[in-house]
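In order, the protein sequences belong to chains P and A.
In this text, residue positions in the first sequence follow the working numbering: the first is 7, and each later residue adds one.
In this text, residue positions in the second sequence follow the working numbering: the first is 7, and each later residue adds one.
Treat the hints with care, as some may be off.
One copy or two, either will do: identical chains are not told apart, so a pair holds if it fits within one copy or between any two.
Claimed, not checked - Keeping only pairs whose Cα atoms sit at most 20 Å apart, straight-line, the calculated SDA-like set for lysine to any residue is:
id, residue 1, residue 2
1, Lys140, Arg212
2, Lys140, Ser151
3, Lys140, Met277
4, Lys140, Arg252
5, Lys140, Ser118
6, Lys140, Ala14
7, Lys140, Gly288
8, Lys140, Glu247
9, Lys140, Ala158
10, Lys140, Leu368
11, Lys140, Arg159
12, Lys140, Ser259
13, Lys140, Asp341
Bear in mind the hints are in silico, worked out from the structure with no lab data behind them.
There are 2 protein chains.
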Amino acid sequence: MLGRKLAAALTGTTELAGRRIARLTLTDLEMPAPSAVSGASATAGAPVAAGAPVTAGAPVTAGAPVTAGASATSSASATSGASAVSGAPAPVLQTLGADIATPGLAAALVESQPHVIFHLAAVVSGEAEADFEKGYRINLEATRSLFEAIRARGPGYRPRVVLASSIAVFGPPLPDTIDDSQRLAPLSSYGTQKAIGEMLLADYSRRGFLDGIALRLPTISIRPGSSNRAMSGFFSSILREPLNGRPAVLPVSDTVRHWFASPRAAAQFLMHAAGIDSARLGSERSLNMPGLSATVADQIAALRRAAGEHAVELIRREPNPAIEAMIESWPRQIDGARAQALGFRAESSFDEIIRTYIEDELGGRLPSGMQRSHDS
Amino acid sequence: MLGRKLAAALTGTTELAGRRIARLTLTDLEMPAPSAVSGASATAGAPVAAGAPVTAGAPVTAGAPVTAGASATSSASATSGASAVSGAPAPVLQTLGADIATPGLAAALVESQPHVIFHLAAVVSGEAEADFEKGYRINLEATRSLFEAIRARGPGYRPRVVLASSIAVFGPPLPDTIDDSQRLAPLSSYGTQKAIGEMLLADYSRRGFLDGIALRLPTISIRPGSSNRAMSGFFSSILREPLNGRPAVLPVSDTVRHWFASPRAAAQFLMHAAGIDSARLGSERSLNMPGLSATVADQIAALRRAAGEHAVELIRREPNPAIEAMIESWPRQIDGARAQALGFRAESSFDEIIRTYIEDELGGRLPSGMQRSHDS
């Protein structure tokens, strides 16, 4: 999901990290339809882009390719990425359907030496817990394979690698507000794998093999599409489903507090990270992203304001102690001051987050049934 | 070095973790001579021990095997380990010369389902920095292979795994005294690999595949034998060499403060860790070991008290800014309260550490030349 959001955002711009974007390669397990990524001339499945004219002869270094491997999950939300041949008037978008864990794939993806690589591939929290081997294969081994493929290009190649990490790297005991000194103490395999990815990124950066930055993303809400296997999925579905006139299940109490940003904000975090001067990062390559601390009650109140009581009534409470216990071990608020000083920005209310969902996913207006409800 | 110290200590006892020790298997890259491990009937190189009578028919579960893989380093200090066939009157010591990174070795080592596995195999700090690939192959991949081999035995097998970690998992900014809330921020590939090992151990333990405990060992001083490639090696050589009448080089200033324990204390930490009830550990499987905070000047003063000014004069100062800078990023003092509450004990002075060295390595007395110096 996030990879496609990112690719769509990138095709809507012309520059990344101060360079003109020439080619974007989006790699995902499930081959996205070209229409899934808006705003670009896209050729699905072709290993080489052909949807837009490619000017030969321009130096390869002028491109700002964007690559991110697809996870082996079947969920569209799991991952993706985006890569360049320079000189096209609009970015050329390539899509490649492949499992990031495929031997040799990482080497092929970096062969054109993209300047920027977004690595978002992941088996999400619920699935990494249910399928131990798959979680390690994708979240740890494939990540390391990508870093190794970059290192294997030799000393002349040192791309910016933006790694999607997660606040799941933190665990109890948690202060009310987490700052940069908080130790990594994940209580899930997913969080463990993300924490290891951060450590690898820092060491490969320190050694000069790549120029990494890891973003600890808030829980993304409102995720579009259908639910993935993230345990945090209800934080999106309790808003998304009612906004589309469908019922949703809430497995935790209204007082549960958590840390959020919209998909649009998350895509902007990733793009902004591509251009951060690593001299400003020092040895600490991981950044807590800014976000919004909100309770489930805050979410529901914003839903009521956006779509009326009828929408709220579509939420059915089915308490699940296992989910509540897991969520209680997650951060409630993060001090994003360092990231904010570096120019990262997030929403400040769920009203704003719901508005971005309606704009980005519903064409700017609620479905007609929900509009009536809202008007009544 | 530490594996052999551990094996020697184990052969001098009869119980480990509340069970009678039946078989010890010491696996190391360089085949140790049987005489290198005292106090046991040892058969070097034989894949199955034969040095002591083995009583057939006793349940395999009665043994308390001890296994630790050898690193691929050629340094004897790098690693080792020790494993059991039940019923022998004294522990049967097996030694196995093998590279822990050899495919299939980890599976073979756990086939007899030892109750306790000490995993000490490591490429040390200096070498992991000099040889990036070797460090990751031994310190990360071989560690994960061992954990995977244990998991592959199935749900009936859940051994205590004692992992040797290091205070090198910490990095700046460091408080004067480090406590359990200190985040892992390694500034070396070695520290990164040890931190990743701790995270894997915690996740495999949480999932019930093994029952792990990681010990963040202080810098070990006085290491016997010749120097290994650890950057901290001079903390041993400036005492060991003069105590043997030989010159030594000191690359840092006398005011440098660091955190120490003797090889004997470290072996006792490992043995004690074998028997800790994991209910007392909770989700935090890593423990900062107790130790002694001392400056180089403290070390030298203790050397003077033990062996006289002549011994101190054997230390030649050759400042090395690179080593000093690396050491300055290391911990100076650790709050070992949690470990002490769990019964771990270390030395309280360098006089005591020097005394254990003389007892354990020099047969209880200084070489004759040094004795004269001491008496003069």
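Hint check:
In this homomeric assembly, Lys140 and Arg212 come within 20 Å of each other (Cα to Cα) only across copies, at 17 Å, whereas the closest approach inside a single copy is 29 Å. Taking CA atoms no more than 20 Å apart as the test, Lys140 paired with Ser151 passes in both settings, with 15 Å inside one copy and 16 Å between copies. When the C-alpha separation of Lys140 and Met277 is checked against a cutoff of 20 Å, the pair qualifies neither within a copy, at 28 Å, nor between copies, at 35 Å. Proximity of Lys140 to Arg252 under the C-alpha cut-off of 20 Å is found in neither arrangement, the shortest distances being 32 Å within a copy and 55 Å between copies.
Neither within a single protomer nor between protomers do Lys140 and Ser118 lie at most 20 Å apart by alpha-carbon distance, with minima of 28 Å and 28 Å respectively. For a Cα distance limit of 20 Å, the shortest separation of Lys140 from Ala14 qualifies neither inside one copy, at 28 Å, nor across copies, at 41 Å. For the homomeric pair Lys140 and Gly288, neither the shortest alpha-carbon distance inside one copy (33 Å) nor that between copies (26 Å) is at most 20 Å. Within a single copy, Lys140 and Glu247 get their C-alpha atoms no closer than 29 Å, and across copies no closer than 51 Å, so neither meets the 20 Å cut-off.
In the homo-oligomer, the alpha carbons of Lys140 and Ala158 lie at most 20 Å apart only across protomers (15 Å), although the nearest pairing inside one protomer, at 25 Å, exceeds that limit. In this homomeric assembly, Lys140 and Leu368 never come within 20 Å of each other (Cα to Cα): the closest approach is 34 Å inside a single copy and 52 Å across copies. When the C-alpha separation of Lys140 and Arg159 is checked against a cutoff of 20 Å, the pair qualifies only between copies, where the shortest distance is 18 Å, while the shortest distance within a copy is 27 Å. Proximity of Lys140 to Ser259 under the C-alpha cut-off of 20 Å is found in neither arrangement, the shortest distances being 31 Å within a copy and 50 Å between copies.
For a Cα distance limit of 20 Å, the shortest separation of Lys140 from Asp341 qualifies neither inside one copy, at 32 Å, nor across copies, at 38 Å.
Going through the hint list in order, the structure does not satisfy hints 3, 4, 5, 6, 7, 8, 10, 12, 13.
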